[in-house]
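In order, the protein sequence lines correspond to chains A and B. All residue numbers for the first sequence refer to our numbering, where the first residue is 1 and numbers rise by one. All residue numbers for the second sequence refer to our numbering, where the first residue is 1 and numbers rise by one.
Derived EDC-like pairs: lysine to aspartate or glutamate, alpha-carbon spacing no greater than 16 Å straight-line:
(1) A/LYS341 <-> B/ASP70
(2) B/LYS177 <-> B/ASP201
(3) B/LYS128 <-> B/GLU91
(4) A/LYS472 <-> B/GLU69
(5) A/LYS339 <-> B/GLU69
(6) B/LYS172 <-> B/GLU198
(7) A/LYS341 <-> A/GLU471
(8) A/LYS486 <-> B/GLU81
(9) A/LYS339 <-> B/ASP70
(10) B/LYS59 <-> B/GLU69
(11) A/LYS243 <-> B/GLU91
(12) A/LYS243 <-> B/GLU92
(13) B/LYS25 <-> B/ASP214
(14) B/LYS105 <-> B/GLU92
(15) B/LYS105 <-> A/ASP246
(16) B/LYS173 <-> B/GLU198
(17) B/LYS26 <-> B/GLU152
(18) B/LYS127 <-> A/ASP246
(19) B/LYS135 <-> B/GLU81
(20) B/LYS182 <-> B/ASP201
(21) A/LYS476 <-> B/GLU69
(22) B/LYS25 <-> B/ASP183
(23) A/LYS403 <-> B/GLU81
(24) A/LYS243 <-> B/ASP132
(25) A/LYS478 <-> B/GLU69
(26) B/LYS26 <-> B/ASP201
(27) B/LYS25 <-> B/GLU5
(28) B/LYS180 <-> B/GLU198
(29) A/LYS486 <-> B/ASP80
(30) A/LYS339 <-> A/GLU471
(31) A/LYS403 <-> B/ASP132
(32) A/LYS341 <-> B/GLU69
(33) B/LYS126 <-> B/GLU92
(34) B/LYS105 <-> B/GLU91
FYI, nobody ran anything at the bench for these hints, they're computed from the structure.
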Amino acid sequence: MFKKFISLEWKQFFRSSSFAKNIFIKIFMAIGILTLFMYAISIGIGLYFGVKEIFPDKDPFILVNKYILFYFVAELLMRYSIQKMPVLQIKPLLILPINKKTVVKYGLAKSLLTVFNFIPLFILLPFSIILMLKGYSASQIIPWFIDLYAISISLHFLTFLINKSDTFFYTTLIILLSFIGLEYFHIFKISAFAGSVFLALSKNPIFALIPIVLAFIAYRSAYLFQLKHLNLDQINSQNKEVKTADLSWLNRFGKVAPFLKNDIKLIWRNKRAKQTIIASLVFLFYALYFLNMSKHMKGDGMIAFAMVFVTGGFAMTFGQLVPSWDSEYYTLLMSQNIKYKTYLESKWYLMSAAVIVSFLLATPYIYFGWKIYALLVAGALFNLGINSHLVLLGGLFNRQPIKLNEKAKAFGNTQGFNMTNFLIAFPKILLPILLFAIPNAIWGFKAGILTLAGVSVIGILLKNYFLNKLEKLYIKNKYKTIASFKEGA
Amino acid sequence: MIQAENLSKKYGNQQVLNIANLQIKKGQSLGLVGNNGAGKTTFFNLILDLIKPTTGSVKINNIQVNTSEDWKPLTAAFIDESFLIGYLTPEEYFYFIGELRGQNKSDIDAFLTQFKDIFNDEILNKKKYLRDLSKGNQKKVGIIGALIGNPEVIILDEPFANLDPTTQIRLKKMLKKLVKDKDKTVLISSHDLLHVTEVSDRIVVLEKGKIVKDLQTSPETLKELEQHFTTG
Chain A
1 MFKKFISLEW KQFFRSSSFA KNIFIKIFMA IGILTLFMYA ISIGIGLYFG VKEIFPDKDP
61 FILVNKYILF YFVAELLMRY SIQKMPVLQI KPLLILPINK KTVVKYGLAK SLLTVFNFIP
121 LFILLPFSII LMLKGYSASQ IIPWFIDLYA ISISLHFLTF LINKSDTFFY TTLIILLSFI
181 GLEYFHIFKI SAFAGSVFLA LSKNPIFALI PIVLAFIAYR SAYLFQLKHL NLDQINSQNK
241 EVKTADLSWL NRFGKVAPFL KNDIKLIWRN KRAKQTIIAS LVFLFYALYF LNMSKHMKGD
301 GMIAFAMVFV TGGFAMTFGQ LVPSWDSEYY TLLMSQNIKY KTYLESKWYL MSAAVIVSFL
361 LATPYIYFGW KIYALLVAGA LFNLGINSHL VLLGGLFNRQ PIKLNEKAKA FGNTQGFNMT
421 NFLIAFPKIL LPILLFAIPN AIWGFKAGIL TLAGVSVIGI LLKNYFLNKL EKLYIKNKYK
481 TIASFKEGA
Chain B
1 MIQAENLSKK YGNQQVLNIA NLQIKKGQSL GLVGNNGAGK TTFFNLILDL IKPTTGSVKI
61 NNIQVNTSED WKPLTAAFID ESFLIGYLTP EEYFYFIGEL RGQNKSDIDA FLTQFKDIFN
121 DEILNKKKYL RDLSKGNQKK VGIIGALIGN PEVIILDEPF ANLDPTTQIR LKKMLKKLVK
181 DKDKTVLISS HDLLHVTEVS DRIVVLEKGK IVKDLQTSPE TLKELEQHFT TG
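From just these sequences and the hints, can you work out the full model?
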């Protein structure tokens, strides 16, 4: 039976109408995944030597044990937000004489083939081998390796049990953050405790069995859960009551208000769109990475670039998929009593609001000094004046329809990803660097800031001009967009 | 009200629509019939400027649809489910359309009361998203949505398909009332010859993209159409 399923999926893959069109993207993604694996392997190889280099007096094995708990919690969060139960086309299978158990078992077996199961493997395996080469006893390392991998697999199956619970996600997130907080401020060394637990696993053969048993229990529960939920009632979420919120306070925005209200509902009620909010929250912290990493690079173009990202997360993640968000009902919008410009303007307002909110949330960056804060301000202006328009220009070439109610899969799904998006991203990245870094190098920091901010303010002032131009271009592309949205639906 | 001149649409070498001249007067209700692939939906899509004509043009109220957007306030349509916004509740959808057509919430609430028997207690206050409604109920929402804001031109593609018999009869009654006042121009396509002859005062038969019959509805029209499709 498994053989038949595999042949079905083979056909689904090669006969899909978008196959030929997407082959380039698929190759591109395959290269991406391979690169990721290479990274994982090099982390696995480098881990031992890296730790030795930075902390010459510490034992790498013990240190890794101490902090691996953080890795696992982070892994769970990652798996939760990106990993998806592979969907078999179950509707036609349900009425055929196929054992339900077979369908579920196949689904779970197939689910194991996710990138998330290979990355820990590719990190752990080289690390364990190097540990053994460095004189750790195989009788300790091999059970340790199996245990850690078993934990990772348990997390894999656990994700299916919690797949629908947002509460779980946020609770885990809070736990992770509080672990980090407790650790960072030396209140409670969770790492010391976790370290001894993981060490114990490797020392006592009876303890060593625990993760394996856990993995089996997780598999069994996932299996029973899926079996119980394998009917059409569960596929359709028809019985859920919908909560509506009063958004009439947005009416003050006049003509664009109906669209703003719609877009907020769009983001709130669709999994795919909700992810952009999470992404923009992540972008808020983006600059921390650069600020910590390169103390000697401060004032450099890279920091300017990073500060633009801090406030531009939403504009980029949401904005680059305008008008694809509305692909499911694009014909309605095109035949309704709407001026194209109003539609574009509403998207502009939405992105601007997000920039301002991110800017306010990013106020703590002031801690890094006024220069960084000045860059934050200039970056926000850049997002308002230049980036928002560039993003809408990019949307012009974006004719990939989006199925709203599906989460974006990490690597399998190419919805809303295309080459033009990729190319249009370059000016977004290069412009702030050029506008800031060149005057900064010649005339100093103030000149850099003033150029970046000044050009951006001009962009804001020219908003109407740009939107008029964009409207013309969008109308020119209207038929093509409608046709490709329809084809993909 | 609607003029199509020298209108044609080709996909590759295949001609899917070719209308030399079609004039639809204000207040007229026109039924469009034809077998699958006759070009009915293509014609509607051209009127709504959703596809580009290969030759010719469509004018609504003397406004050429592919050069100006000013016909949009006059026109409303329901072609298929891509005219619905899946993540809204029916009420929110009606309010949204209402806002685009200058109607406030209470206008819409008042407007909706007259369709109580069509909705049959399955649409309003159900706290469900449109995407979770059945196909038939989605269709009802789309059709009623197209009537919001007193549009002068109403275009409905196969309004009777997918509806239960009771609703078909109620919808027919409602459409009859709508066309009786002669202030709206209504275009309906249908495979149901009986319904479409009852609702429309003019019937146009399309075949492979061409107009083969253009009849004023009379008691004999249904027979003539049945004859045409039996031998055709």
